[in-house]
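**Q** Sequence:
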Amino acid sequence: MNALPRLAILTREIAAYHDARFAALAPMLPRLDVLAMADEGSFAGFLAQSLSAGYHAQRLWPGLASYRAAAENARLAPRLWQELDRIAPEVVAIAGWASPESYAALAWAKRRGRRLVVMSDSQSHDAARHPLREALKRRFLRCCDAALVAGRSHGAYLQQLGFDPGRIATGYDVVNNAHFRLGADRARARAWALRQALGLPQRYVLAAGRFVPKKNLVRLIEAFGQARAETGQDAALCIVGDGPDRPQITAAIAAQGLGEAVRLLGLRSYEDMPVLYGLAEGFAHVALTEQWGLVVNEAAAAGLPLLLSATIGAAPELLEPGRNGWLVPPDDRGAIAEGLARMLRLTADERASMAADSRARVADWGPDRFARGMVAAAHMAQTRPLRHPGPLDRILFQRMGRRPVETVA
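Just so we're aligned: 148 in the UniProt record's numbering is position 148 of the sequence shown, and the numbers increase by one with no gaps anywhere.
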């Protein structure tokens with residue numbers, strides 16, 4: 001086996017879950033560099049408040065606007081190439097095929113004779129697939145030397161695109177399990193005082209996500225109203241998040257006559273979330289599509305029963321129906337209501353059993369899993385003969401390298 005390589009990882013920004021992954025990976029390599037495109041997250045509090053020792057981080061632009069402008073004005077690639085020349089990694093890991101930095105990194109790696117690992121959590125059913133877009137992905141993936149994917153469904157999609165299954169490792173989408181496990185347990189030890197201080201209901205199911213159509217929050221609220229009426233349980237639904245669908249969500253709460261039975265908690269910090277998980281009776285995530293769903297990892301680590309839609313990428317790895325929760329079709333309000341009713345009817349012993357099962361399932365999906373997967377992918381990449389893009393590929397990739405993409409599929 002080849003010696004461990006010097007590795008550079010490209011990321012849009014460095015959030016707390018990124019930092020946990022990089023901290024676990026750094027001791028396994030002679031050097032780990034992280035090039036973040038922007039020193040700004042998608043919302044306030046998203047960025048890691050401090051970075052762990054052990055890896056070298058560089059933020060190339062102060063904010064997302066300047067990053068997008070650099071891509072559109074063809075300034076991104078030269079700046080990125082300058083940084084890659086400075087740190088001289090042997091392997092570069094890129095986040096998918098939709099960002100301009102991925103195309104710029106591919107061009108640099110091929111010119112310098114370095115290897116490329118693509119990180120992916122896309123599934124075949126995430127979106128309608130257009131033949132031309134799929135053809136472009138195949139061209140891009142032929143130039144990548146190995147892949148680190150989230151789980152089984154994500155590896156299957158790469159194989160559909162022609163990627164060699166022998167060059168795919170898993171473990172991309174993980175969080176710092178200990179942060180949520182320990183934080184939830186501390187919250188449970190102070191449950192009464194924290195409920196009073198935070199104004200939380202005595203009993204609630206938690207949901208978390210951006211207020212956009214694909215998160216399916218309006219249907220979740222409707223199903224919760226149905227479950228609450230059918231069971232007679234005096235429980236609430238608390239939703240963490242915000243976004244453009246807030247008016248539709250508040251209208252759904254009013255239409256169902258739920259009032260204080262549904263609480264919109266707004267955006268919460270990384271430090272707040274273990275408390276909210278820890279005081280909940282269960283966690284519901286019934287998105288129409290979800291490439292993975294890191295909130296599922298968080299809820300499982302906190303020790304909660306799970307109600308998940310069948311489209312969620314994390315579900316095959318972190319949920320066994322009947323053991324630690326329930327799987328439902330995201331477009332079936334009745335099925336979602338039935339799952340919520342089962343969650344509300346759990347006895348204390350049943351809830352404890354599901355909590356232990358959730359924690360056991362997520363235990364091997366922490367930062368160490370990411371580190372092992374990335375090292376395996378880097379080794380796979382080093383053993384592959386160099387492949388160079390053809391003339392048409394170079395033209396297509398250069399054009400794609402000037403198009404910042406916000407939604408990846």
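Just so you know, the hints here were simulated from the structure itself, not pulled from any lab data.
Any given hint could turn out to be false.
[To be verified] Quick list of in silico lysine to any residue cross-link-like pairs, SDA-like style, CA-CA up to 25 Å:
(1) K214 / R167
(2) K214 / P385
(3) K214 / G334
(4) K110 / W81
(5) K110 / A65
(6) K214 / D164
(7) K214 / L327
(8) K110 / A135
(9) K214 / T383
(10) K110 / A127
(11) K110 / P62
(12) K214 / G266
(13) K214 / L264
(14) K110 / S42
(15) K214 / P247
(16) K110 / T383
(17) K214 / P244
(18) K110 / D164
(19) K214 / A98
(20) K110 / R6
(21) K110 / A15
(22) K110 / L141
(23) K110 / D126
[To be verified] What follows is a list of derived Cβ distance ranges for each label pair:
(24) R111 / G322: 33 to 41 Å
(25) T231 / A310: 44 to 52 Å
(26) P316 / D164: 15 to 23 Å
(27) A197 / R111: 39 to 47 Å
(28) P316 / L264: 26 to 34 Å
(29) Q160 / A197: 44 to 52 Å
(30) R351 / L264: 22 to 30 Å
(31) S124 / A189: 53 to 61 Å
Predicted, not measured: the structure shown is a model, and the values here were computed from it.
Using N, Cα and C, we set each Cβ at its ideal position, and we do this for glycine too.
**Q** Taking the hints in turn, state whether each one holds.
**A** Hints, one by one, checked against the model:
1. K214 / R167: violated (32 Å)
2. K214 / P385: Violated, because 41 Å separates the two Cα atoms, which is more than 25 Å.
3. K214 / G334: holds (18 Å)
4. K110 / W81: Holds, at about 12 Å.
5. K110 / A65: Given that 25 Å is the threshold and the Cα spacing comes to 29 Å, the pair is violated.
6. K214 / D164: Not satisfied, since the Cα-Cα distance of roughly 31 Å exceeds 25 Å.
7. K214 / L327: holds (17 Å)
8. K110 / A135: Holds, at about 20 Å.
9. K214 / T383: violated (40 Å)
10. K110 / A127: violated (30 Å)
11. K110 / P62: violated (28 Å)
12. K214 / G266: Distance ~18 Å between K214 and G266 Cα, so the pair holds.
13. K214 / L264: holds (18 Å)
14. K110 / S42: violated (31 Å)
15. K214 / P247: holds (15 Å)
16. K110 / T383: The given pair, whose Cα atoms are some 15 Å apart, holds under the 25 Å limit.
17. K214 / P244: Holds: K214 and P244 sit about 12 Å apart, inside 25 Å.
18. K110 / D164: holds (19 Å)
19. K214 / A98: Holds. K214 to A98 sits at ~19 Å (cutoff 25 Å).
20. K110 / R6: With Cα atoms ~16 Å apart, K110 and R6 stay inside 25 Å; holds.
21. K110 / A15: violated (29 Å)
22. K110 / L141: holds (13 Å)
23. K110 / D126: violated (30 Å)
24. R111 / G322: 33 to 41 Å: Given about 53 Å between the Cβ atoms, the range is violated.
25. T231 / A310: 44 to 52 Å: violated (23 Å)
26. P316 / D164: 15 to 23 Å: At 22 Å between Cβs, range holds.
27. A197 / R111: 39 to 47 Å: violated (57 Å)
28. P316 / L264: 26 to 34 Å: holds (30 Å)
29. Q160 / A197: 44 to 52 Å: holds (50 Å)
30. R351 / L264: 22 to 30 Å: holds (25 Å)
31. S124 / A189: 53 to 61 Å: violated (44 Å)
When each numbered hint is compared with the structure, violations occur for hints 1, 2, 5, 6, 9, 10, 11, 14, 21, 23, 24, 25, 27 and 31.
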